[in-house]
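K.L.:
Single-letter residue listing:
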Amino acid sequence: MTDVVFRLLRTPQGAMGLVILVLIAAICAIGPDIAPVDPEKIDFLGRFRVPGAAHPFGADQLGRDVLSRLLAGARTTVPMAVAATLLGTLSGAVIGTVSAYLGGRWDEAIMRTIDAVMAIPGLLMALLVVNTLGKGSLNATLAIAVAFAPGMARVTRSVSLAARRQDYVSAAIARGEGGAWIVFREMLPNVVAPVVIETTIRVAFAVALFATLSFLGLGAQPPASDWGLMVAEARPFLHQAPWMLVAPGAAIALTAIGFNLLGDGLRDALNPRDER
Amino acid sequence: MSASWLIRRILLIAYTLLVVSLLVFGITQVLPADAAVMLLGENATPAALAAVRAKLGLGDPAWLQYWHWLAALLRGDFGMSMRTGQPVGPTMLVALSRSLLLAALALALMLVFAVPLGLAAALRRGKPIDLAAGIVSYLGVSLPEFVTATLLLLLLADRLHWLPATGYVPLTDNPVDGLRHLGLPVLTVSLVLIAHVSRMVRSETIDVLHSDYIRAARLKGLSPRRVLFGHAVRNALLPVITIVALDVGYLLGGIIVVEEIFAIPGIGRQLIVAIESRDLPAIQAGALIMAATYAIANFLADIAYALLDKRIRYD
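Those protein sequence lines, which keep their order, are chains A and B. So the first sequence is residues -3 to 272, counted in our numbering. So the second sequence is residues 107 to 421, counted in our numbering.
The shape of chain B in the complex, shown without the other chains (with noise of 0.2 Å):
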């Protein structure tokens, strides 16, 4: 990783942010809303109306107040909800920390079956443990969250009354009952991590046994165990991190689903909330976040990845 990657892979998240904020912006100047009705309501009068325009220079050209949001943003002003009159950054980004510990559970949550299950049915070829981690990964890859999550709720809420079906606790006021109420969310969300890397890992321990480096440490006299965790499974998991940072991407658009069915005030509620009520700034900073937090975690994951593995050279 030279200095110059780092610069360039900097610059391609600015990048990145530039063109999202004029998609997020250019979308939410076409949505049919009139943000001073929003603001005032129906009934007010046009004299009041022609006034929030001026002041918030609704009547100036597209351009220029897409450079005043865009100046006040380089601030860390993300501009005021319309709905509730705060300020909107501070609200997504406490609603992000809720989605991010959401996704964290789920992927850790994943690590602890995936890789197992992937490695077993790779060992177990064509024996019932890889037909069974098969329907998985089919199940877990075709069926929409909010089917995943309905499904969870009916069987493990309403019928063995595991886990409660919705609502958030936080953890600061009640660990166990926050933890429990993450339940359903959790399992709904990881079930489709879980099927993306346990195939993974499966075909790529699959191909990492049939390398010869692996024949090299066979023929070396090594035991089986040796192979399989010493030099395989090492080299199975390197890709793993990059079929994560890619569903980063899947995680965010999955937990706007699972937060509104399960009724969590993250990130992904706040952004159906924002649309639907047509809060135009709340919707450009949560998209705007989203997309951040997914350009990041990617970086990240470029980053991990060659820090364990020594091949790979960024300049």
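Chain A with its partners taken away, still in its complex shape (with noise of 0.2 Å):
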């Protein structure tokens, strides 16, 4: 463990991954502590105040403090996305052992029904499923699970069938080994790398996609400070205050950037022969 880590930190992106990411985890923590001001005070005298020493990324339209939205909002945006992306990965990983497990015509019929579920794009179908639902953050999160897990379902299958397929899992075989050895020991430390390396990315794209349903009003509620909520807000003001949409625009960047990083940075840490 300790001796990933290290790898992890001797790659740029990892490296930098990491320490955007501890950055966003400590305001996810303390943010509403930290804030300059409450988040939800409204100084009407004070509406679209330029970036300035009193507000450092502005005021908005009602006069909030920008950058004291921005740090709390973190944690009604980012744990989100985590728990989506978790709840869709354990989701799919089940169907994507089970079928690799029943394999033959069980395995192909469930593939098959998971490529065809796939067809619909993944906004789509959290659009579709958080409609049913009902608006609401914690309903975007079911929707992102949702749409995550058929995807997830067909890596944790391939990687898992090309786990069994490996030499060393049939040399453990004829060398005896019992079927808790072979699963625990030769198997699973080789499933978890590419499905923890492929989940990390996911965080990226739930970040994303948790923030577009926000944006299209279908995630968290007014008045939360949501980031992708902060950007449709701002949109009618693009004019007089682009801070306001620059600001939550950046964040939510640099929140998925460093969930990229991070996975790639473990791609690089867990297969040190790859060199790309």
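Watch out, some of these pointers could steer you wrong.
[What the hints assert, rightly or not] Far from chain A, by Cβ distances over 10 Å, these chain B residues were calculated: (1) T122; (2) L145; (3) A150; (4) T151; (5) L180; (6) Y274; (7) V333; (8) L344; (9) G360; (10) A397; (11) L406; (12) I409.
[As the list claims (entries may be wrong)] Per the computed footprint, the stretches of chain A lying under chain B, defined by three or more beta-carbons under 8 Å from a beta-carbon of chain B, are: (13) 10 to 18; (14) 86 to 92; (15) 109 to 120; (16) 208 to 220.
[Claimed, not checked] To list a few chain B residues with every Cβ distance to chain A over 10 Å, as calculated: (17) W111; (18) V143; (19) E148; (20) L213; (21) L266; (22) V282; (23) R321; (24) R324; (25) K326; (26) L328; (27) S329; (28) G336; (29) L343; (30) G355.
Keep in mind that the hints were calculated from the coordinates and are not lab data. C-beta: ideal position from N, C-alpha, C; glycine also.
Reassemble the complex: the two chains are provided individually, in unrelated frames, and hints are given to aid placement.
P.N.:
Take a look at the structure:
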């Protein structure tokens, strides 16, 4: 484990991604406490105030401090995306593993159905699910999990099938190792790495997707300072107050970049032979 | 490509559409909406509501309703929009044609930028161009479409006035103005594609340059230029087809947001309007047409791959 972290820190992407994500995790943990002012404090005289000493990132259409809203909003944006990805990964992994285990015709039928479901674009799937369940952060999280499950099922299945066919697994079987040994010592470590990499990169997608749902008015609801919602609220005032748009947009981008960098770093750290 | 492969592949598309139709029908069944109230409004009398329900067969069991819907679909009848009273099929297909134009322009722009960028990055590994390509690809992969779209809107329309902000002008009305209105949406959508494809081209080119046949070509004394363009590029570009085919799903999702932001009456915007107004036949038709587009694009990609790469034989 420490070995992996060490190798991760030696890849430029991994180190950068880790730094960004530690920063964002810290903001999620203590963001509302370090916010200079109350993120929901309305100040009509200070509407659209230009970024400056009082408001480092400016003020919005109700005179609320954009920096404070950004710091408070991390908590409603990032953990939801992580939760959605984990839920999607878990359900996908169960389907994928079961399919690989059953094999043969069942495997074929399950995978063709998964492929069919994947013909519906993820965003459309999420839109349909969230409209069925009703607006809100929690339902948006569930919708993203549903949208992610088929893709993760495909990944876990192919990885577990590949792990099963490796020579060292055959060697372990030939040595007469027990089933538990083969699954936990030989197969699992080689299944976990690709799934962890895929999951990390998918969190970046989930951040984007969650923000998109909020942007379309289906995720977090006002007056929450969810980042996607902040971009949506900033749009009508694009001309007057571009900072309202740039700040949450940059926050979303930075988070997604952090997870993408970490995912790539992990790929390099966990596959030392692959030099790409 | 044998005939049996083609038949199996077409059967798979049919199966895909069947699964999608079941799924979409199921979702529209549980969507909180009462079709009769949607059609007649909140003030309709119970008798009128009952009459409409009987006419639409809303009291029938779900499987029977699905069967009627599917049977009509197979005759090419997607049903009537609850919002406009117009047939849904033609509306959605016209909308799809606008979306496909947007997608085609985005793909063309992607090819123009992504391939040279990826090649340059592979040939100058670790140099500034490689770093720049890396930054572009991280930005493209990480920025959600609505952020890219609003930032481009801010920069190119609001500040620089290079392109119109929103709206749609049919190309048949005014080709120049029509293309200018498509500028921002196309840029937005193509950024993600450029990110994916340039990265793919870079890593494939690096792989191919390390392969034995490239070493053989070099040892044969071919000039670096011939090695690169005669041998390496061809093979490095093949996987691009696969990634583009996979990106079609992504592209269709991205188009939903982009069309909404830039007010383009394509299939994505139609779907959002349909979902918002609980126009069930329109949701069903739109989702099914999107899935069909995805399935057909993947089919075409498989064929293109086989035609370009003689080693691949589907049987």
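K.L.:
So, for every hint listed, does it hold in this structure?
P.N.:
These are the hints, each one checked on the structure:
no. : hint       : verdict
1   : T122       : violated (4 Å)
2   : L145       : holds (19 Å)
3   : A150       : holds (23 Å)
4   : T151       : holds (29 Å)
5   : L180       : holds (18 Å)
6   : Y274       : holds (18 Å)
7   : V333       : holds (20 Å)
8   : L344       : holds (17 Å)
9   : G360       : violated (8 Å)
10  : A397       : violated (4 Å)
11  : L406       : holds (14 Å)
12  : I409       : holds (17 Å)
13  : 10 to 18   : violated (count 0)
14  : 86 to 92   : violated (count 0)
15  : 109 to 120 : holds (count 11)
16  : 208 to 220 : holds (count 3)
17  : W111       : holds (15 Å)
18  : V143       : holds (17 Å)
19  : E148       : holds (20 Å)
20  : L213       : holds (16 Å)
21  : L266       : holds (13 Å)
22  : V282       : holds (25 Å)
23  : R321       : holds (16 Å)
24  : R324       : holds (19 Å)
25  : K326       : holds (25 Å)
26  : L328       : holds (25 Å)
27  : S329       : holds (26 Å)
28  : G336       : holds (24 Å)
29  : L343       : holds (17 Å)
30  : G355       : violated (5 Å)
Of the numbered hints listed earlier, those contradicted by the structure are 1, 9, 10, 13, 14, 30.
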